[in-house]
Structure formats: structure tokens, C-alpha cells
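S.K.: Below, each chain spelled out in residue letters.
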Amino acid sequence: MDIQRLKPHLPWITLVVLVAIVGINDPGFLRPSNLLGIAGDIVPLFIMALGLTFAIYIGGIDLSAQSVANMVTVVASVYLASMGAWVAVFCVLAGFLLGMLSGYVTTRLFVPSFISTLAVGGVAFSIAQWLSGQRALNMDATQRNETFGWMIGHTWGVPNELLIAAVLVAICLFIERRTTLGRALKAVGAGELAAAASGLNVARYKILAFAISGALAAIAGLLFAVKLSGGAPTIANGFLLPAIVAVLVGGTPLTGGVGGVVNTVIGTLIVAVIRASMLYFEIDATRQQIVFGIVLIVAIALTIDRAKLRTVK
Amino acid sequence: MTRRLSRETMIKWAPLLVLIALVIFFTALNPTFFSLRNFARIAIAAAPALMVAVGVTFIIVMGSIDLSMEGTVSLTAVSFAFIFAQLGGSLAGLGWIAIPLVLVIGGVIGLLNGLVHVKLKIPSFMASLAMGFVGTGAAILLTGGDIVKVSDATFRGLLTVRWLGFPLMVYVAAFFLFVGWFIQTHTTLGRNFYAVGGGEDLAHASGLNVTRVRVTGFALAGVFYAIAAMLVVARIGQAESVTGANFMFVSITSVVVGGVALWGGIGGVWNALVGVLIVNVIDNGMVVIGLPDFLQDGVLGLLVILAVVLSTDRKMVSFVK
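Sequence order for the protein chains is G and W. Residue numbers for the first sequence, in this note's numbering: 51 to 363. Residue numbers for the second sequence, in this note's numbering: 245 to 565.
One should not assume that every hint holds.
What the hints assert, rightly or not - 25 Å max Cα-Cα, derived SDA-like pairs, lysine to any residue:
1) W/K365 - G/G241
2) W/K363 - G/Y129
3) W/K365 - G/I354
4) W/K363 - G/T305
5) W/K365 - G/D334
6) G/K358 - W/S450
7) W/K365 - G/P58
8) W/K363 - G/A244
9) W/K363 - G/A237
10) W/K365 - G/V348
11) G/K57 - G/T305
12) W/K365 - G/L352
13) G/K358 - W/K393
14) W/K363 - G/A357
15) G/K57 - W/G442
16) W/K393 - G/D334
17) G/K57 - W/K363
18) G/K277 - W/L452
19) W/K365 - G/A244
20) W/K363 - G/V308
21) W/K363 - G/L352
22) W/K363 - G/D334
23) W/K256 - G/L65
24) G/K358 - W/L412
Said to hold, decoys possible - Distance ranges between label pairs, derived from CB positions:
25) W/G337 - G/A131: 19 to 25 Å
26) W/L364 - G/V66: 23 to 29 Å
27) W/A489 - G/P82: 37 to 43 Å
28) W/D445 - G/A220: 43 to 49 Å
What the hints assert, rightly or not - Listed next, the stretches of chain G that the computed footprint assigns to chain W, with coverage defined by at least 3 CB atoms under 8 Å from CB atoms of chain W:
29) 148 to 161
30) 165 to 173
31) 178 to 190
32) 257 to 270
Calculated directly from the structure, the hints in this document are not laboratory data. Where is the CB? At the ideal position from N, CA and C, for every residue including glycine.
Could you build all of it, start to finish, from the sequences and the hints given here?
M.R.: What follows is the structure, encoded as C-alpha cells:
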């Protein structure tokens, strides 16, 4: 079989093979409660990866996702007392606006997205440090349970995080498959010049893609803050690498245009299984970062569309 | 044509003017800013960052980018601390051998970086980011999360021994800045960096082995990161897996603010020097005039956007990813 025709199916084949390998070695891994637990734990990371999917889908990258999530954990902890449930809206709006800023700087000021998002990430980090006074903050436990307790409980044995993730996937899938925005993002990712030539307002759609990425990074941060009942300016550090890995092993290439939301679902599950399998095979946690770094390189090398890169800089 | 010339002149001198303006500004607000002691403090903070910036300058001149410095600095710092301890833990004894060894390790890490980027045809920002994660991971693996102390008095002399008010490490950094300048202007390799950055197709068509120039550039950057790592260890007396933290943001900001164009072909090590000084003067000055230091990353973020915007010739760029 032709490798090019096999390529779109590689992510889920990888997932099935990985699950089989771990499952054969440790049948306890395949227990539904264990699988649900593993899936529930990875949800904040997944939401961030979901956002990154949009940035990568159009051929960009969002390196600010982690800083935005960090900032949101602080914002949520600080303003929960005074704003109540509205703090969620405020957080998502803040993420959306920071994403818009990245998008604006990228498209209108011609700054490459990895630099513009890095810079906006610096701004978010400053805000987080300023609001938190460079300390770790705690949420008031009763108030957290009253306002956001629904996020972290169980419904019929299913972690509520998974339900939240399912709703977000449904929304993102709707945007990707059923809206003009989704089609426009595909056009931009597949060929920006052609999209511009056919009269598409490329800049506006790119700004929107970065804004969606920022908003989802904010939701990831919010959920993380609720889970940990607190926030700090560096609490979500370590999310960025696995989130990028999740998008890329899922089969959305760095060059954009193909892949999408479903791919990121599969990619995140691959990341979750790799993490879990490291526990089962007693690979030291200190090696995780090396493994993910190498997986990232392999994933990019396998997925990237070299026809789109005239020269590789 | 005249417009383009004036633009280039502006880009060339603007960073230096900004630096002078900043020094005047902070001195006006607090005269103690303008003192030998404070300048020494700025120089100590700037020395390792300068080495990282000089390293990454070569890469940016080629039109690529290297985001691996955090991992590389951490890994070489930790390697240095371990090798140094293994060899007796004293610069007076066999410990000096650790220095060339670590320079080689830095070069090899850079080489791997370049090979991943060029051979697997992965854009450099992603290849180097991933390799940076691997480097940090390796540093965590080596230390197990612990701190490795380096307390040899001779080696710490880089910080404690002063000439004319400045510690030795500042002179070491200055020496390697000159080495960087020499490579940039007086070697074939240096000219080739500019050839690749100015137009890769053209360089290739004129028979230049672009692949080799790129890989060599990354290896050279790795050596400079290793120097930075040793200066950091000398400054704080220890190495750990987070020794390289924040170097990525600060060094990229410095180089870009100093006037090295992200598109390649423009700028050099002197721009890196001016940029590092701008960043460190802002950092130090904000503390001296009593502003909270957590604003630093935000200010730098805005500054880097501004610098890229000013240095981009909009007519030459059709679209940006």
C-alpha cells in the first residue's frame, strides 16, 4: 500500500497499537474506570491542544498558550471572590483578546507568529506576576465548590471534565466542518496566497484563529485552576510541549491545511497513553521530557508537507 | 533607492540611540544608576546573555532561528558541573579540562540541532524548540532534579576577582564577543552566513553548500551557549536543570531589539551587544527607579514586536505565517 494513502490513518493506528501494547503487558490498564481516569486527567492539556490546532491549521503556531493558561489560573484565583461565576467569562474573554492581539501583530504588522506569540506570552506572564504578587494563590474552597464544583465531579461514573471536553469538541467540530469560518481556515491553511487571491479576507480569519486558540488556552487554564483550587504564574509550565505534540502526532502538520479537531482528539489520547505507559514500564518521570521532545521531532518529520516549503528556514 | 538607504541607516543606528536615551532617562530619574558599581552589576547580568545572543545572532543572520538555548545552556551547565567535579573540582588541578570538553559538548548539541533541522527538513524554530525540550529533559535526567554546586574558588574568581571594577567574566565575555566579530567579518564562514541569509537560492546557485553552512552555524551557536552556561555557573555557583530558564525569551528579544532582522542577512554581533545592553539596562533601570521587576517580560514583549515592525520592509514581504 502506498505510504501517502496510509498516512491519514497513521494516528489512530498508532493509538490502537500503543493501547494494545500496554494492555497486553498490563490488563488492568484496559479497565474502563482506568481508561476514563486517564482521559479525565488529560482534559486541560487537551483543551489547550484543541486551541493550538486552530493556530497550526492555518500554518501558524501559538507559543503563548501556556502563558495564557498560567495567567488565567491567577486571574481566576484572584477574582473568584469578587466576580463569582462571571470570572469564567472574564477569563475566556481575556484569552480571546490576547489571541486577537497575537493575530493582529502577526497579520497586520508582519511579525512571524512564533515571535508574536512568544512576545504576547511575555505580556501575559507579566500580568500574571503582577496580579499574583509573584506568589502561588489559593481559591476559597467552599466558593470554588459552589461556583465551579460541577466542573470536576462525576456524572454516572464519567468525569465531568470529559463532558466539558466533549462539548468543546462538538463546538470546534461544528466550526471546522459546518461554518464559513471553518472552510475559510482550511483555505488559508491549504494555500494562503490562493486564498487571498480568491478574495478571502485572510488577515481577519487568521486573527480569529489565534483568538480561538487564546480562548481555549484560557478555558484550559480555568479548568486547571479549578482542579488545583488555585493558581500561580508558572503553574501550567510543562503544558506547551505535550500540547504541541498532541496536535502534531494527531496528524495536523506544521504546514497546516489538513488534519483538524478529530486528529487532535486522537493525538491527545496518544500522549495520554504514552504518559501512562511510561508509568507501567517504570520509565522514570524525568525521562518524559526527552521522550516527548523526540516524539515531537519524529511527528513533525513524518507529517510536514515539504511541497509547501520552498526553502526550509 | 534613497529611501531604502535612509531606512538602513536608521535601522543601523536606532538601537544605539535607544540605548543612549535609556541611560540618560534612568540617570535623570535616579543618578545612582550612572555609577561604576551599577554598570558592573549590569555587565555581570549581561555577560552570559551576551554569549547566548552572539550565538543566536549567527543563526538569525542566516534567516533561521534557534529556540534551543534554554535546553542547551541547562545541559552544558550541568555537564560542566559534573565533569568539573569528576576531574577533582578545581581549576588549579585537572578541572580545566572540563572547559574544552564542555565547549565540544555544546558544539555537538548544536550540530545535532542543525542536522535535525536540515536533514529532516523541519523549520528551524520547531526543530530547535523540540531539541531544547530534549536538552532540558537530559539535564533533568542527569541531575534527578538536584542542584549541583560548583564552589572552586579559582573558578568562582570569574565573578569575585575584579579588574577596574569589572569581574573577570565580563572580560571573558568581551573576548568571545571579539571572537564572534572575527568569525563574522574575517572568515569565509561568516561571509557565508550573510550569503545564505541574504538569499538562499542565490547562495545555492553560486555553488555554496548551504546545508553545511547551516549545520556549522548551529554548531557554532552551541559552542557559544556552552560559554554562556559556564559563565552562569561561575556567577551563581551551581548548575541545575533550570539554569537556562528564560534565556530564550531574553536572548531573542535582545538580538531583535539590537537590530538583527529576522528575515536574515542584516545585523551582526555588535547589534547583539547593543540589544543585550538595552534589555539589561531596562531590567536594571526599572529596579533602580523603583518599578516592579515583573513588568520586565511584558515590556520586552512589546519591545520585540516594535523592533520587528520597525525593521521589516513591508514592500518585500508578501505574507507571513
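S.K.: All hints are to be evaluated individually against the structure, with a verdict given for each.
M.R.: Quick rundown of the hints versus the structure:
{"no.": "1", "hint": "W/K365 - G/G241", "result": "19 Å, holds"}
{"no.": "2", "hint": "W/K363 - G/Y129", "result": "50 Å, violated"}
{"no.": "3", "hint": "W/K365 - G/I354", "result": "9 Å, holds"}
{"no.": "4", "hint": "W/K363 - G/T305", "result": "17 Å, holds"}
{"no.": "5", "hint": "W/K365 - G/D334", "result": "31 Å, violated"}
{"no.": "6", "hint": "G/K358 - W/S450", "result": "24 Å, holds"}
{"no.": "7", "hint": "W/K365 - G/P58", "result": "20 Å, holds"}
{"no.": "8", "hint": "W/K363 - G/A244", "result": "29 Å, violated"}
{"no.": "9", "hint": "W/K363 - G/A237", "result": "29 Å, violated"}
{"no.": "10", "hint": "W/K365 - G/V348", "result": "11 Å, holds"}
{"no.": "11", "hint": "G/K57 - G/T305", "result": "15 Å, holds"}
{"no.": "12", "hint": "W/K365 - G/L352", "result": "10 Å, holds"}
{"no.": "13", "hint": "G/K358 - W/K393", "result": "48 Å, violated"}
{"no.": "14", "hint": "W/K363 - G/A357", "result": "15 Å, holds"}
{"no.": "15", "hint": "G/K57 - W/G442", "result": "36 Å, violated"}
{"no.": "16", "hint": "W/K393 - G/D334", "result": "24 Å, holds"}
{"no.": "17", "hint": "G/K57 - W/K363", "result": "21 Å, holds"}
{"no.": "18", "hint": "G/K277 - W/L452", "result": "56 Å, violated"}
{"no.": "19", "hint": "W/K365 - G/A244", "result": "24 Å, holds"}
{"no.": "20", "hint": "W/K363 - G/V308", "result": "24 Å, holds"}
{"no.": "21", "hint": "W/K363 - G/L352", "result": "13 Å, holds"}
{"no.": "22", "hint": "W/K363 - G/D334", "result": "30 Å, violated"}
{"no.": "23", "hint": "W/K256 - G/L65", "result": "53 Å, violated"}
{"no.": "24", "hint": "G/K358 - W/L412", "result": "49 Å, violated"}
{"no.": "25", "hint": "W/G337 - G/A131: 19 to 25 Å", "result": "60 Å, violated"}
{"no.": "26", "hint": "W/L364 - G/V66: 23 to 29 Å", "result": "26 Å, holds"}
{"no.": "27", "hint": "W/A489 - G/P82: 37 to 43 Å", "result": "40 Å, holds"}
{"no.": "28", "hint": "W/D445 - G/A220: 43 to 49 Å", "result": "46 Å, holds"}
{"no.": "29", "hint": "148 to 161", "result": "holds (count 6)"}
{"no.": "30", "hint": "165 to 173", "result": "holds (count 8)"}
{"no.": "31", "hint": "178 to 190", "result": "holds (count 3)"}
{"no.": "32", "hint": "257 to 270", "result": "violated (count 0)"}
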